[in-house]
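Trainee: Take the given structure of chain V and dock chains B and D to it, following the hints.
Residues per chain, in single letters:
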Amino acid sequence: MRLHWRRTVNYVMLGLTAVCTAVTISTLFVILGYLLYFGGKSLDWSFFTKLPLPPGEAGGGMANAIAGSLEILAIAGLIGIPIGFLAGVYLSEFEDKSFAPVVRYTADLLNGVPSIIVGILAWTLVVVPMRRFSALAGAIALSVMLIPIVSRQTEQFLREVPMALREAALALGASKWKTVATVVVPAGSKGVLTGMILGMARIAGETAPLLFTALSNQFWPSGVTQPTATLPYMIFTHAVSPFDDWHRQAWAAGLVLIAAVLTANILARLVLARGISVPRG
Amino acid sequence: MAPKSVRSQPALDREPPAPLVPEPVSTVKTKLKASHLNFYYGSFQALHDISLEMHTNHITALIGPSGCGKSTFLRTLNRINETIRHSRVEGTVLLDDVDVRTVDITNLRRRVGMVFQRPNPFPKSISENVAYGLKINGLVSRGELRDRVEQSLRRAALWDEVKDKLNESAYALSGGQQQRLCIARALAVDPEVLLLDEPCSALDPIATAKIEELLFGLKDQCTMVIVTHNMQQAARVADYTGFFLMGKLIEFDNTDTIFKNPSKKETEDYITGRFG
Amino acid sequence: MASSNAAVLPVTRAKSTHPVGDIVARWVVLAFAATIVLITAVLVYELWIGSAAARQRMGWSFLFSSQWDPVALKFGALPFVYGTVVTSILALVISVPLGVGAAIFLSELAPAGISSALTFLVELLAAIPSVIFGLLAIFTLVPLMRSYGEPFLKKTLGFLPFFQGPAFGVGFLTAGIILAIMTFPFIISVSREALLAVPRDQREAALALGATKWEMTWQVVVPYARLGIFGSIFLALARALGETMAVTMVIGNDPSIHASLLAPGYSIAAVIANEFTEATGDVYPAALVELGLVLFCLTIVINGLARLMILATTSKGSKRA
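Protein sequence lines correspond, in order, to chains V, B and D.
Going by my numbering, the first residue of the first sequence is number 1, and it counts up by one from there.
Going by my numbering, the first residue of the second sequence is number 1, and it counts up by one from there.
Going by my numbering, the first residue of the third sequence is number 1, and it counts up by one from there.
If we strip away everything but chain V, and leave its shape as in the complex, we get (with noise of 0.2 Å):
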């Protein structure tokens, strides 16, 4: 009798878990059918290819935003791609017994602070001084928040790559930094590589750092030490107004920014499973 009702316990409770993640995955594709449904109605070309108009105007687009993001990102890779990379790098190869556990604590620390705190930073070092908001402002508070996830990825990978390989360099008469630059990181690259694109699809979509550094603007991004409009924030400011047709822009361009962060993180993740440099074992 009471075999039953353990039975039944059993069974009832498997199920719920079940259930539980049907929910969950369910809001994935939920989220996306959505934007797929609304995005793809009011995607149009002019939306890749025109400036925004003022509300009530129809057509226009966010080629302006657009722009401008892909600007932004540019920047905030150029520089905070090196540097991660070679934190990375130290933190791997290089690593003191008493500086390295700092790096890595702060790098931790660096990852877990809120997104619109960085901003703060970035608008007290760039957006003060120089009196006027920026892409520049903008671009450093989004490398600040890449460069921990490009130093993280960087060292987890190198340390994969058998000591048997960096012995094999130096006993060939190879100095350290050789070995490491022409043998290590190739055989570590694919990883590290994934580090880079996840990296860049994460801050891709931050909004919260660009309202206070790059803010926007209504037309083409007209320098770096201006202030640029970016695709993230466009969503945000035309999802919270009370225009229809805002609105509709707002879902086209959730479905452009969805459709490209997506996709570089399932290319990340093949490029991640197709290859790996180095057999195990």
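The reader is advised that the hints may include incorrect statements.
[To be verified] Once the Cα atoms are required to be at most 27 Å apart in a straight line, the calculated DSS-like pairs of lysine-lysine come out as:
(1) B:Lys-260 - B:Lys-33
(2) V:Lys-190 - B:Lys-124
(3) B:Lys-210 - B:Lys-165
(4) B:Lys-135 - V:Lys-190
(5) B:Lys-29 - B:Lys-219
(6) B:Lys-260 - B:Lys-219
(7) B:Lys-165 - V:Lys-190
(8) B:Lys-219 - B:Lys-135
(9) B:Lys-260 - B:Lys-248
The set of hints was computed from the structure by calculation and includes no laboratory data.
Mentor: Structure of chains B and D alone, referenced to chain V:
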């Protein structure tokens, strides 16, 4: 810039080695000499007061049970032990009468090559593997590179098997072929000394035989020190043999003497299989 | 033949037998690694300095005052801390049961291939930008809550002070729900790892005694993995506390404290997001920066705890092995 090797010649012009004339012992030169070598992993002492001379153009074998320190000793000769944290060396190693600690470390390692227990080719193509040491040390011009790669692969008795697939990944080769590739890679930089750490332990008997033949043929170009578990191998290839036990060098002599007429009891016990 | 090389050996002093390139390389990578430490130090410094005007003016009472009146220069952090904490806790109340349940399913029940595939999908959820969650929330969740969700709650649970007052659609509850969705991947992914790390012999011991699969899971596996699961909860909490965009878009922007979850409120990140560009004078921006400082400290503590717990599970696992 490392000096170009006096031995570099186009592959096919190489003359067969002159036949060996047995040398009187007094003219046998010492290539590598270890004096009162102690080695510590942290607080554990792995080598106790090792003194050993390895003679030019001869093969010296180091035998002994697992964990006796023979690999550790080998790795002090090209200072590759220094990559291990908390390790400490006392005593001296002389290469041609020069203390190896006073020499530029990358130069030392070019002159004293190493082949490891498990094959460790780079995740690159076969020819890139062999060329690696040459490129890193800037030893040859682009034009000579291909010839040197071929020459090294011939010296390692691998050329015929890989000449059609030089651009394929090194990992496509069998274990025995990979190890011969590693030997070719080590030979490419024309080392004066070749250290081999149980090079055949991961290989089957046929591959082992090929490598032993190869080593024998290299003797006149290269001084070799080989660590081996396999006493028969030592008896087959080595001119001199040293027996290690628990971090100490128990006995060192001509291979014949060690195996037929050892003077220490521990040596005799090991040789006859009473332990180990 | 060999001795001819001896003459060309570059004999140098023992200290400098390593190539110059190595020494340079070490300093270069060290410098770049040091920038991370530098950035963090600057961050803390700027938060401290930037909030000086507000700290001097209001002192500790900042943390306990619930007034937010920029015109009269009266600032208090309490409504924002309240909003941040309430929405985050609400998010956890929803996402922890669902997330741990899903983690259990993925680690114990689903076959390995499906488990990996589904986990991958969950991790994609983590890649979705915050502003897109906000976009969805504004146009789908808010109307839903306003028309169906909140009236339903009022009807059934309206006797509780949590579910009283007008149903705007925006407010603590909606923000909590969207935060819950955003924290799913953290809970699921980390908890699943913790559950998978439980050694086989523990499970087999329970089953051998006649336990049902559920009993084995709930009474043996989950307790063994509880440190990792708690770690995942703290990780999710840290994320929820700092979440900006999605919350800003649906919390209602009302800097006051209400008991009811249906009421609009404010969070630290949301008020900074909304008011930073319009903050004039000295004290107003400083007050916002001080709020940032509070948030920063909160997330550091929570993240630190999370990492300790997760670290403890991995070392425990290897010790027991």
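Trainee: Confirm or reject each hint.
Mentor: Hint by hint, here is what the structure shows:
1. B:Lys-260 - B:Lys-33: holds (25 Å)
2. V:Lys-190 - B:Lys-124: holds (14 Å)
3. B:Lys-210 - B:Lys-165: holds (21 Å)
4. B:Lys-135 - V:Lys-190: holds (24 Å)
5. B:Lys-29 - B:Lys-219: holds (14 Å)
6. B:Lys-260 - B:Lys-219: holds (23 Å)
7. B:Lys-165 - V:Lys-190: The given pair, whose Cα atoms are some 25 Å apart, holds under the 27 Å limit.
8. B:Lys-219 - B:Lys-135: holds (25 Å)
9. B:Lys-260 - B:Lys-248: holds (21 Å)
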